[in-house]
Amino acid sequence: MHELTMPSLGADMEHGKVVEWLVHPGDTVHRGDLIAVVDTDKTVMDVESFEDGVVGEYLVDLGETVAVGTPILRLGTGADQPEVGPTRPAEAPSEHAEALPAEAPQEQPTPREPSSEAPFANRLAPREHAEAPPAVAGAHRVRSSPLARRLAARLGIDLEGVVGTGQMGSVSEADVRRAAAETAGAPASGPRSATEEVPPSAAETGKPAVVPSSHIGSQPSPDKAATIRAALGTLMAKSKATIPHYYLSTTIDLARPAAVMQERNLARSVAERLVPAAFLLKAAAVAAHEVPGVNGFWTDGAFAPSQSVHLGVAVALRGGGLVAPALHDANMLSVDELMEALRDLVARARAGHLLRAEMADATITVTSLGDLGVESVFGVIVPPQVAMVGFGRVVERPWAENGMIGVRPTVTATLSADHRVSDGLGGGRYLTRIQELLLTPEEL
Amino acid sequence: MTPLDPRSAVVAALREIAPELEPDEIDDADRLRQDLDLDSLDFLRLIEQISKATAVDVPERDYPQVATFGGLVAYVAAHQT
Numbered sequence: 001m002h003e004l005t006m007p008s009l010g011a012d013m014e015h016g017k018v019v020e021w022l023v024h025p026g027d028t029v030h031r032g033d034l035i036a037v038v039d040t041d042k043t044v045m046d047v048e049s050f051e052d053g054v055v056g057e058y059l060v061d062l063g064e065t066v067a068v069g070t071p072i073l074r075l076g077t078g079a080d081q082p083e084v085g086p087t088r089p090a091e092a093p094s095e096h097a098e099a100l101p102a103e104a105p106q107e108q109p110t111p112r113e114p115s116s117e118a119p120f121a122n123r124l125a126p127r128e129h130a131e132a133p134p135a136v137a138g139a140h141r142v143r144s145s146p147l148a149r150r151l152a153a154r155l156g157i158d159l160e161g162v163v164g165t166g167q168m169g170s171v172s173e174a175d176v177r178r179a180a181a182e183t184a185g186a187p188a189s190g191p192r193s194a195t196e197e198v199p200p201s202a203a204e205t206g207k208p209a210v211v212p213s214s215h216i217g218s219q220p221s222p223d224k225a226a227t228i229r230a231a232l233g234t235l236m237a238k239s240k241a242t243i244p245h246y247y248l249s250t251t252i253d254l255a256r257p258a259a260v261m262q263e264r265n266l267a268r269s270v271a272e273r274l275v276p277a278a279f280l281l282k283a284a285a286v287a288a289h290e291v292p293g294v295n296g297f298w299t300d301g302a303f304a305p306s307q308s309v310h311l312g313v314a315v316a317l318r319g320g321g322l323v324a325p326a327l328h329d330a331n332m333l334s335v336d337e338l339m340e341a342l343r344d345l346v347a348r349a350r351a352g353h354l355l356r357a358e359m360a361d362a363t364i365t366v367t368s369l370g371d372l373g374v375e376s377v378f379g380v381i382v383p384p385q386v387a388m389v390g391f392g393r394v395v396e397r398p399w400a401e402n403g404m405i406g407v408r409p410t411v412t413a414t415l416s417a418d419h420r421v422s423d424g425l426g427g428g429r430y431l432t433r434i435q436e437l438l439l440t441p442e443e444l
Numbered sequence: 001m002t003p004l005d006p007r008s009a010v011v012a013a014l015r016e017i018a019p020e021l022e023p024d025e026i027d028d029a030d031r032l033r034q035d036l037d038l039d040s041l042d043f044l045r046l047i048e049q050i051s052k053a054t055a056v057d058v059p060e061r062d063y064p065q066v067a068t069f070g071g072l073v074a075y076v077a078a079h080q081t
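Protein sequences appear in the order of chains A and B.
Residue numbers for the first sequence follow UniProt numbering, so the first one is 1 and each next one is one higher.
Residue numbers for the second sequence follow UniProt numbering, so the first one is 1 and each next one is one higher.
No wet-lab data here; the hints were simulated from the structure.
Cβ coordinates follow ideal geometry from the N, Cα and C atoms, glycine included.
Some hints here could point you the wrong way.
[As the list claims (entries may be wrong)] Chain B side only, calculated, beta carbon under 7 Å to chain A, not exhaustive:
{"no.": "1", "residue": "Leu36"}
{"no.": "2", "residue": "Asp39"}
{"no.": "3", "residue": "Ser40"}
{"no.": "4", "residue": "Ile47"}
{"no.": "5", "residue": "Glu48"}
{"no.": "6", "residue": "Gln49"}
{"no.": "7", "residue": "Glu60"}
[Stated by the list, open to error] Each pair of labels, with its calculated beta carbon distance range:
{"no.": "8", "chain 1": "A", "residue 1": "Tyr58", "chain 2": "B", "residue 2": "Arg61", "range": "55 to 61 Å"}
{"no.": "9", "chain 1": "A", "residue 1": "Asp61", "chain 2": "B", "residue 2": "Gln65", "range": "29 to 35 Å"}
{"no.": "10", "chain 1": "A", "residue 1": "Met404", "chain 2": "B", "residue 2": "Glu22", "range": "38 to 44 Å"}
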């Protein structure tokens, strides 16, 4: 028997409280299964197990605030139970990496590998809206987008049974949502079924949606925004005190991405429309993969570059506060996939359904002000990351090119970077690469 | 699809996205983005909700017409079949 402890869900987390158990004593859990909903100063998150085992007793009470590292759950080891064989996802290397903490991000393979799909489905199947049987191994043989697969896994939908309406019968995110809606009402089968209702609209409580009222014990607190602000303040003070920031800025012509976006949006239903941020984030992710010194972590006095780009995206929460969950392998996603992932991530951030890994493993963060707000933003680096990218509002400006002046939509891109890792030359190369990528948006 | 009262439909869609808004406090002249604090993703979700609830699709070229709460209500009213 050993104990699972309160995990750290980000560099700024010192304590947390369990607000809902997703497993019960006697349940068998596998590495990656969700075990609890944890409320931190910033947001509510789903926490997964790092081990296989049989659930023993709860070691903390619901709503009890405990420090990171405090044992929260006793777990029987694999020796106490028979091997479960093929349904055990833990042996897949990608699953292993999936559950690793942020200290070893360079070991994370891309989750797009087919081998990771089935464990991923297993990992997430019990999570929520358990109206349908969990997705089964082999579901990845159905032609579908990675996002549709992920969504299906999360909603517990078997892709085999979903009618695809995309190219060559491929299953889209919309198809999965439709299938989920159709199966709603079927008997619930997941561990969370007893408490997982359709999250009531926060309108009922009149409070921001930061703390979904479906989470037992996490009554929305009027002080939540203040707590988030305090946690953010502490982290940013640490960042400014320990990281030697330098700042760069450049203005980028967005005429081509804007034209490509408008043309694509014309033929699309609103659910598939793009926003300019999708192009900006994609360019920022691809450039981060190519330019050394901006993507990775500063830990123990040295820079550990990351091969994967997990792009942190600053999301404003309604009612105040900010979280920056990661879009995993953002450089590998198409603009359309990234847009889908972004919408999903933002919606979950605001509903308090982020996953631990999303909060803990961003390798570089982007803050985008969208098409409102000011023209440029110089961000503060989120430790232990080494760079923060800022995109201001998209602004029409007079633009001189080839001796001619025209009016173009433009954006001011900024970089705040860690001088221990890079300098103006390298940082400049990064912003220039973003600019180049946005000149050929068709290839993004 | 049963036609809904356009104002109720817009209020319902809006509260899905911004639950803290009180229907009584929303003015027709309120700009969805600047005054009601919707970002570009929120705005897309709103348009999507409207489309689901009323079957009124707002193409991108018509976004300027639906920049305000009142504008969106009028747009839904005019395009509802």
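### Task
Go through the numbered hints given earlier and state which of them the structure violates, listing their numbers in rising order.
1, 6, 9, 10
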